Amino acid sequence: MKASGKVTIVAGLLLLGSLAGSVVLLRKIDRMRSHASLEEVLYISSPKALKRLSLGYDGLLADIYWTRAVQYFGATHSQGSEHYELLAPLLEITTTLDPHLLVAYEYGANFMAAKRPNGAGQPEEAAKLVERGIESNPHEWRLYYNLGFIYYMELKDYPKAAAAFSQGSQVSNAHPFLKVLAAQMAQHAGDAEMARMLWTTTYESTQDHMIRANALAHLRALRVDQDITAMEERIEMYQKRTGKLPESFADLIQSGLLPGVPLDPLGHAYKLMDDGRVEVRTPDDLPFIEKGKPLGYVPPKVPKFLPSD
Amino acid sequence: MNRRVLHIARNTFREAVRDRVLYNLIAFALLMSGAAILVGQISIDIERLVVINLGLTAVSLFGVVIAIFIGIGLVSKEIDRRTLYTILTRPVRRWEFITGKFFGLAGTLLVNTLCMAVGVFAALLYVSHRFQRADGWVLVALYFIVLQFLIITALALLFSAFSTPLMSAVFAFALFVVGCFSEDLRGFAAMAHGAEKWLATAAAYVIPNFSALNVITSVAHGQPVSGQLVLYNTIYALIYVLMALSGAVLIFERRNLK
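Residue numbers (my numbering), protein chains in the order written: chain P, 1 to 309; chain U, 1001 to 1258.
The set of hints was computed from the structure by calculation and includes no laboratory data. Predicted model only: the values in this text are computed from it and were never measured. Errors might be hidden in some of the hints.
Unchecked claim - Pair ranges (Cβ atoms, derived):
#: 1; chain 1: P; residue 1: Pro-176; chain 2: U; residue 2: Gln-1228; range: 51 to 61 Å
#: 2; chain 1: P; residue 1: Ile-211; chain 2: U; residue 2: Ala-1202; range: 29 to 39 Å
#: 3; chain 1: U; residue 1: Leu-1231; chain 2: P; residue 2: Ser-81; range: 21 to 31 Å
#: 4; chain 1: P; residue 1: Ser-54; chain 2: U; residue 2: Leu-1030; range: 46 to 56 Å
#: 5; chain 1: P; residue 1: Lys-48; chain 2: U; residue 2: Ser-1128; range: 27 to 37 Å
#: 6; chain 1: P; residue 1: Glu-204; chain 2: U; residue 2: His-1193; range: 19 to 29 Å
#: 7; chain 1: P; residue 1: Arg-31; chain 2: U; residue 2: His-1221; range: 16 to 26 Å
#: 8; chain 1: U; residue 1: His-1221; chain 2: P; residue 2: Ser-81; range: 19 to 29 Å
#: 9; chain 1: U; residue 1: Leu-1231; chain 2: P; residue 2: Gly-296; range: 39 to 49 Å
#: 10; chain 1: P; residue 1: Val-10; chain 2: U; residue 2: His-1193; range: 35 to 45 Å
#: 11; chain 1: U; residue 1: Gln-1228; chain 2: P; residue 2: Glu-204; range: 45 to 55 Å
As the list claims (entries may be wrong) - A few chain U positions that, by computed beta-carbon distances, are all more than 12 Å from chain P:
#: 12; residue: Leu-1006
#: 13; residue: Asn-1024
#: 14; residue: His-1129
#: 15; residue: Arg-1133
#: 16; residue: Gly-1136
#: 17; residue: Leu-1166
#: 18; residue: Ala-1174
#: 19; residue: Phe-1176
#: 20; residue: Lys-1197
#: 21; residue: Ile-1207
#: 22; residue: Ser-1226
#: 23; residue: Ala-1244
#: 24; residue: Glu-1253
Heads up, the beta-carbon is just placed ideally off N, CA and C, and yes, glycines get one too.
Let the sequences and hints guide you as you build the complete structure.
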C-alpha cells in the first residue's frame, strides 16, 4: 500500500473515532451543565441592558431566550421541582427583547400562573407579564382572555377578570365568547359553571395539544367534583330517610335516588366507601380533582395527562 | 514530536512574528491600562469585575481573530508563493506539513495569550491592590480560551485545505459564532421531532462546543469551575482538534496541487 493510502486510512479512522469521542464527551458536559446557559440571567439582571448589548439582533436573542424559558420550565417541571426562580426573569428578558412575541406572554403566563405541581404557582407575576403584553399588543384579544383567566381562576379577583374579558371583547376580531364571559361574570362569578365555560373556551380556541390536554383534564376534574357533590347530597338524603348510610350504590338506586351506578368521565364506576364518602378509582388519571381522592392520597409530582388527550 | 513537524512549526511561528502578529499586544496593553485607570473613575465597586470581563473577552476575541486570519492563510499562502512545492519535494509528508502548521500557529497563540494574561493580572493588581484567591479561576478561564484557540486554529486549517482564504474565514467565523450558542442548539434539537430532530441533533454535535469553554462571566463573579469540567473540556478540545486535523489531512492528501 502507498504511504498516502495509509495516511488516508489512519486519518479517516481518527476522524471517525474522534467524532464518536466528542459526542460522548459533549453528552457528559451537557449533563454537568444542564442549566449553564441560564446562568447569565443571574448576572445580567437588566433586560434593557441586554437589549442594548444585542446590537439590534434582539429578535433572534428573544427567540433564544424564549427557548431557554421553555426548556427551563420543562426540565424543572419534569423533575417535580418547586423552584422556578429563573422563569419570571427569563420571560421578562424575552418580552423586553421582543415585545411582540405573543407566544411568550400566552404560554409564559400559563407556565407561571398554574398552581404547583402543574405550574410555577406565580399568578401575580403571570398577570403582570400579560398586562405588559397588552400594553405592547393592545389589539390581541387572546391576551385579555389570558389575563381574565388568571384573575378568575388563580387570583379569584372576579371584578378584574370581568374587566379584562370586557376590554378584550371590544377588540376587533375578538372571540365572540369574550362578550358572553364578561356578561356571565357578574352573575356567576365563583360558580363551577363559569369555570367550565372558561376551560371550554380555552380548549376550543387553541390548537396546542398541551393546552388542550390541560383544559380537558380540568373539565374532567370539574365534572368529577360536580358528580361527587351531587352523590353526597343523595347519600345525605338516604341517611335522613333510613337513618343509616347506604352500603352500596344499589341501595341508592333501589330507593330511587340514583338512576344507575354512576361513572366517572373516564368510564370507571365511582366507589362508595363505608363512611359514606365517594372516591374515584384512578385518581392519578384525574389530576386537579378536589373531591373523590382516596384518604391519604399523594398525587404524582407531575400531573398525568392521558395519551388520548 | 517528529523533527520535520517541529521545523515547520518553528518556521510558522517565526513567520507569524515577522508578520507582526504580536503587535496586537500593544492594542491589548493600551486597552487594559485604559480600562484599569478609567473604570475606577466611572463606576462603583465593579472595577475587578470589569477588568476580568473586559480582559478575558479581549484575550478571546483578539486570539480568535488571529487564529482565523492567520489560520486560513497557512496553506493558501504557501501555494501562492509556491514555497509549498519546495517543501513537499523534500522528505516532508503532507500530513506533517498540516500538523506542523497547526503547532506553529498554536504556539504563536499561546505566547500571545501568555503576554495578554500578564496584562490582565497586572490590571487586576492595579485595581484591587492585591490578588485574591478567586483570581485563580481567571487562570482556568484563560486555559479554556487557549483550548478555544486550538479548536479554531484546527478548523481554520481544515477550511484552508480546500477553500479560498475568504470563504475559509467566513466558515470559521460562522462556526465560532454558532459554536458559542451550541448548548442552545442542542436544546433546540431536543425539542424538535422526527427527521428534524435527527438533523438538528447531528448538526448540534458536529459544531464545536464553545459554550462550555466560556466561563468568563462566572469567574468574574468569583465562581469556581469544577475540576471535572476542566478535565472534560480538555479531552473534548483535544479530540475536536484531532478530528478537524484528520479532516484537513484527508482533504490535503487528496488535493491536486498541480
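- Query: Given a hinted range of 19 to 29 Å, is it respected by the beta-carbon distance of U:His-1221 and P:Ser-81?
  - Reply: holds, 24 Å
- Message: A cut-off of 12 Å on Cβ-Cβ distance, and U:His-1129 was said to be off the interface with chain P. Does that hold?
- Response: holds, 25 Å
- Beyond 12 Å from every chain P Cβ: check whether that's true for U:Ser-1226. The assertion about U:Ser-1226 is violated, with a minimum of 7 Å to chain P.
- At the C-beta level, are U:Leu-1231 and P:Gly-296 separated by a distance inside 39 to 49 Å? holds, 47 Å
- Message: Using Cβ atoms and 12 Å as the threshold, tell me whether U:Ala-1174 really stays out of contact range of chain P.
- Response: It holds; U:Ala-1174 is separated from chain P by about 14 Å at its closest Cβ, greater than 12 Å.
- Confirm or reject the claim that P:Pro-176 and U:Gln-1228 have a C-beta distance inside 51 to 61 Å. holds, 58 Å
- Given the hint of 21 to 31 Å, check if U:Leu-1231 and P:Ser-81 actually sit that far apart at their C-beta atoms. At 28 Å between Cβs, range holds.
- At the C-beta level, are P:Arg-31 and U:His-1221 separated by a distance inside 16 to 26 Å? Once the Cβ atoms are compared, 23 Å apart, the range 16 to 26 Å for U:His-1221 and P:Arg-31 holds.
- Within 27 to 37 Å or not, the Cβ separation of P:Lys-48 and U:Ser-1128? Distance hint for P:Lys-48, U:Ser-1128 holds at roughly 29 Å.
- Message: Minimum C-beta separation from U:Asn-1024 to chain P exceeding 12 Å: can you confirm that?
- Response: With a cut-off of 12 Å, U:Asn-1024 remains clear of chain P, as the shortest Cβ separation is near 23 Å.
- Query: Going by Cβ atoms, does U:Leu-1006 stay more than 12 Å from chain P at every point?
  - Reply: Consistent with the label, U:Leu-1006 stays out of reach of chain P, its closest Cβ about 19 Å off (over 12 Å).
- Task: Taking the shortest Cβ-to-Cβ distance between U:Arg-1133 and chain P, state whether it exceeds 12 Å.
- Result: holds, 20 Å
The earlier numbered hints that this structure contradicts are 4, 21, 22, 23 and 24.
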